[in-house]
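Trainee: Which chain is which? The protein sequence lines are A, B, C and D, in order. Here the first sequence stands for residues 1 to 337, where the numbers follow full-length UniProt numbering. Here the second sequence stands for residues 1 to 337, where the numbers follow full-length UniProt numbering. Here the third sequence stands for residues 1 to 337, where the numbers follow full-length UniProt numbering. Here the fourth sequence stands for residues 1 to 337, where the numbers follow full-length UniProt numbering.
Hints listed in this document are in silico derivations from the structure and should not be mistaken for laboratory results. Mixed in with the good hints, there may be bad ones.
Identical chains share a label here; the pair holds if one copy fits it or two copies do between them.
Okay, derived cross-link-like pairs now, PhoX-like style, lysine-lysine, Cα gap no bigger than 25 Å in a straight line [unchecked claim]:
(1) K202 with K160
(2) K45 with K305
(3) K107 with K45
(4) K215 with K259
(5) K160 with K45
(6) K107 with K148
(7) K45 with K195
(8) K6 with K148
(9) K148 with K305
(10) K119 with K6
(11) K20 with K6
(12) K20 with K148
Because the structure is a prediction, the values reported are computed rather than measured.
4 protein chains.
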Amino acid sequence: MLVVMKPHATEPEIEAVVEKIRSLGLMAHPIPGAQRVAIGITGNKGGLEPELFTTLPGVADAIRVSQPFKLVSREVKEEDTVIDVGGVPLGGSALTVMAGPCSVESKEQLLAAAHAVKKTGARFLRGGAFKPRTSPYEFQGLGEEALKLLALAREETGLKVVTEVMDVETLPMVADYADVLQIGARNMQNYSLLKYLGTIRKPILLKRGPSATIKEWLMAAEYIVSRGNYQVALCERGIRTFETMTRNTLDLNAVPLLKALTHLPVIVDPSHGIGLRAHVAAMARAGVAAGADGIIVEVHPRPEKALSDGQQSLTPAEFDELMRQVRVIAGAIGRAV
Amino acid sequence: MLVVMKPHATEPEIEAVVEKIRSLGLMAHPIPGAQRVAIGITGNKGGLEPELFTTLPGVADAIRVSQPFKLVSREVKEEDTVIDVGGVPLGGSALTVMAGPCSVESKEQLLAAAHAVKKTGARFLRGGAFKPRTSPYEFQGLGEEALKLLALAREETGLKVVTEVMDVETLPMVADYADVLQIGARNMQNYSLLKYLGTIRKPILLKRGPSATIKEWLMAAEYIVSRGNYQVALCERGIRTFETMTRNTLDLNAVPLLKALTHLPVIVDPSHGIGLRAHVAAMARAGVAAGADGIIVEVHPRPEKALSDGQQSLTPAEFDELMRQVRVIAGAIGRAV
Amino acid sequence: MLVVMKPHATEPEIEAVVEKIRSLGLMAHPIPGAQRVAIGITGNKGGLEPELFTTLPGVADAIRVSQPFKLVSREVKEEDTVIDVGGVPLGGSALTVMAGPCSVESKEQLLAAAHAVKKTGARFLRGGAFKPRTSPYEFQGLGEEALKLLALAREETGLKVVTEVMDVETLPMVADYADVLQIGARNMQNYSLLKYLGTIRKPILLKRGPSATIKEWLMAAEYIVSRGNYQVALCERGIRTFETMTRNTLDLNAVPLLKALTHLPVIVDPSHGIGLRAHVAAMARAGVAAGADGIIVEVHPRPEKALSDGQQSLTPAEFDELMRQVRVIAGAIGRAV
Amino acid sequence: MLVVMKPHATEPEIEAVVEKIRSLGLMAHPIPGAQRVAIGITGNKGGLEPELFTTLPGVADAIRVSQPFKLVSREVKEEDTVIDVGGVPLGGSALTVMAGPCSVESKEQLLAAAHAVKKTGARFLRGGAFKPRTSPYEFQGLGEEALKLLALAREETGLKVVTEVMDVETLPMVADYADVLQIGARNMQNYSLLKYLGTIRKPILLKRGPSATIKEWLMAAEYIVSRGNYQVALCERGIRTFETMTRNTLDLNAVPLLKALTHLPVIVDPSHGIGLRAHVAAMARAGVAAGADGIIVEVHPRPEKALSDGQQSLTPAEFDELMRQVRVIAGAIGRAV
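Could you put together the complete structure from these sequences and hints?
Mentor: Here it is as structure tokens:
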């Protein structure tokens, strides 16, 4: 249930509602909005009577939430969430552009990539320090050394840093360097990690699991948000299907559907979504046309030399050309880049 | 193998190559091109020696075709196929727009839809006369009565008619009325029907099977083309995955991949691809941005009254708004509408 | 809705119910049972009032059918359907065993296979005359020549013949030779073919489509049964999933579920279900343990020389060993072979 | 590469091979066998020359391993792995039977279940203390209280305890109480957890991820084994497909395939595999018939009151009946229970 306060409800009125909720043995989640405050209620087994709350002073309405995900739903918060990443918006009307190499490999490689994507208009630098790999014998990332290089690149370019965190153990270290913590697809339902992420105050980029339904994905976000961290963005990166010519099947259907179901920002990852360098640009364009709030693209100064994902990384020149097209398409649906 | 003739090869030179191929017990498929003629060879078990053909007069080259699909591949024919549907192009640089109701229901319904989509820029009218339905107890289409109404709508509007044919028995009747024969997803591997379609001279719109790989789809097209009917367009309409919030998963990855693999036109069906009226427009835009040669969209004057697919049909006004956006996006990647 | 007659209801009483149903503009489907006659009603849009029928003489009850499939459901007919194939039961308490080569290739090959599987206890001989192949350039079957060889093998061994029919055109010819008509997976939703099959009086073995849900499969059977042909058996042959190490994913979950949902016999095809000769026997055993009414297994005198499916065909010796194990497992759940 | 020592190779000979491997910058994994010691080599980029090792004293052979998984493959270790769980074998010729409630709910519930499954022949008690749930608002398990109850049940019955561990943080606590650590499907590719599991000396039951290929699953096991913990068993619990009538699609194809590819024990979980209480027994029988080394079955004294998975839990009486059938089927393929 969602209790909506009147526009000019006072702090004591809000506090009284929170107290009332707690006195019923339930959890209260105040959600600040541009116009009014709302308070989500979770923890109830059955339905609640609206009258329990509508009779309190300052309350405008009490609404039943029909979806199993509550706090991340549009029903509970109508306006788009825009995450403030140290002054740079993630989500909102301007397209969010994240780019950089799959793995951080060296100072030269990372700085070359960072300067290139910065010049073309990206405001976030992606780069893996800890890499989840299918085989224990494959390159697992440079670890803290990579994090230091990412921090250096941020210092040089002003780009915000997005990098994956794989576990609670290394989370404090990664959080020290990163601006946005990426949760990989295979960790989307690592509930212990999700719960912990709910207790920190860092923006999260939550990738969709390879076989997660849209509902399960929103429930994973709800794990984080319900523990107090509202700074969550969703990243569609392709699902697993029977098709083998492409690495994954980028499910762009998810984009307009999510924009209707949730207020969280929706980012598209065309690199993992198709996995074929020649076709990444087409899928990035499609993602933007479908209404995504942003894209995250693998760019490598020399893809043919990459230690991972070279076959799906764009060159800086290809990325530049892509951004030119994306600007026009974003404009066509009323977005800036 | 593909034998490529020199630009000014003569008819007797071409004929000599064809004879040579037949003398080896193989099939010859002359493929006319803008600049040169090429001759596809099929029926060989192992590889053929290029020297068998390169020594003949007028032959420029003899190339091994690496894909299991031959005549539909870009290797064999580099230029895009543009199908001439009575003066209206299907494929090519201008975006092909097909629209209309799922089923033909009445004269009023069909003419209202036809006039509306014509005004907005469609050049093809879709409408089902024979409907494949999961249940034997559901509405199966009006049959020949619907075909007559489609012909009437064509007469009134000049739109070309696209309608589904379900079997060889009714094919002559449907072909009498239709300009383009649509093969439904569940018939994509109905090989008896495909073989028959190869022997007629009508344009075919071949929908992808719900669980067909891209390779299997191209092999289905090869069934038609290898029997002599080169007028085949492919229609991506969504595949079956584990996601249940959407009717199908529109696989837009297929669009750039197909454009690289085949010379056949690629059409996107966002209506079946997502199955949710509110999101059809987003997916149509995404399809165009991904590089599709056209779109086919369900439009109904009163979707809430439709006998089939009402939940995924646009109103004429919604279609009008969609076309405005599509024009800008098509322009962004160098296409007219 | 299902109208259940009293055990000793008379012909005129039954006829009166049928008349009543027709007078309402609906279709009546009398279903003979061991103890009583029931009459299925289809064609109604909404629910019907039971009182319309329970007040008629001889009527015991009128039951709403909750599933979208009606005549094939257990709700409508409680006892297992056993199809009488010229004196040999398909379905019922004794395990039905069908075996033979993928394709009929020659007289020697077919007769060798037929004698071998007969000796081991099979009562049905499978063998393809018309072969649906992904590529138009692959072996398409020997056609009528193969049908003649199948008839010869029947004459020599007494085995009943199961062979695939691909279309309405060749159906009369195939039906002349075959005892059971197999409908291939890719034709499971070829509704024109299904409707036609409903009008003939031959047993049908309906394979599950590669991405058909259990409900869609039962609806496909309903197409046949609702037109009057009650002799339908279902064949699980594996579905399409993301796994690539096996040809298909044999969905044995379908077996107990189908046995609960429908009265039709359920056959398992482990050869296509896993596609790996070394593991066919394990999956045949599993199918029987799951409660299947029978198995259909590819057996070839010399699998390494087979024109199709050699990699999943058992030798006669392997089949013999399999049947020994199957007998014990069938016994463990109260079935003979 | 695998270096196979002669049957009577001495410790110094083995040590010399290990040293040689390390001197090349590679990792050595000695694998004790019944007849001989073998030493797996990992960490090499390309192929290694066998002569590097075959010339050393005591070496019988040096074999290239063709699969990407090395230490878990049959190529590297031919005999079945049998895990010794405090005197009770997991794997091997006798069928391993694990049973118990989904979640530990109370002392009464757990002890009732434990005594019941013990009486019927199970030697392992399953029961969840920490529960991964799709929704943050669902019952998450009793935690340490449940672990204490499991230990009590072990004391009373002698059953070995199998319970899920969700993260590195709670692992020491869970390991204190449990005999076998279960890794849930959604954690199958939680590589941080897998690496940690490789460093401890507890048996692991590794469930297959809902969309993991068999190869990815074996690679996940390789993560654990390559770090030194050889006590890993695999548990097939169903994969995610398009079918919605069942909770998952139990992929029994995986059973014979795994038995050929790996020496690790293979357990089947029919409860999650189909998710429907009425059909769990059929799938357990099928798993045994397919050649599984064991089954893990949810049993609850009162399924209709269960806090989780009640719809797929057997009553003790149903489990008893199942075990009777399983004994016969196991016997049919040469296994005891």
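Trainee: If you check each hint against the structure, which ones fail?
Mentor: Hints 5, 8, 10, 12 not satisfied by this model.
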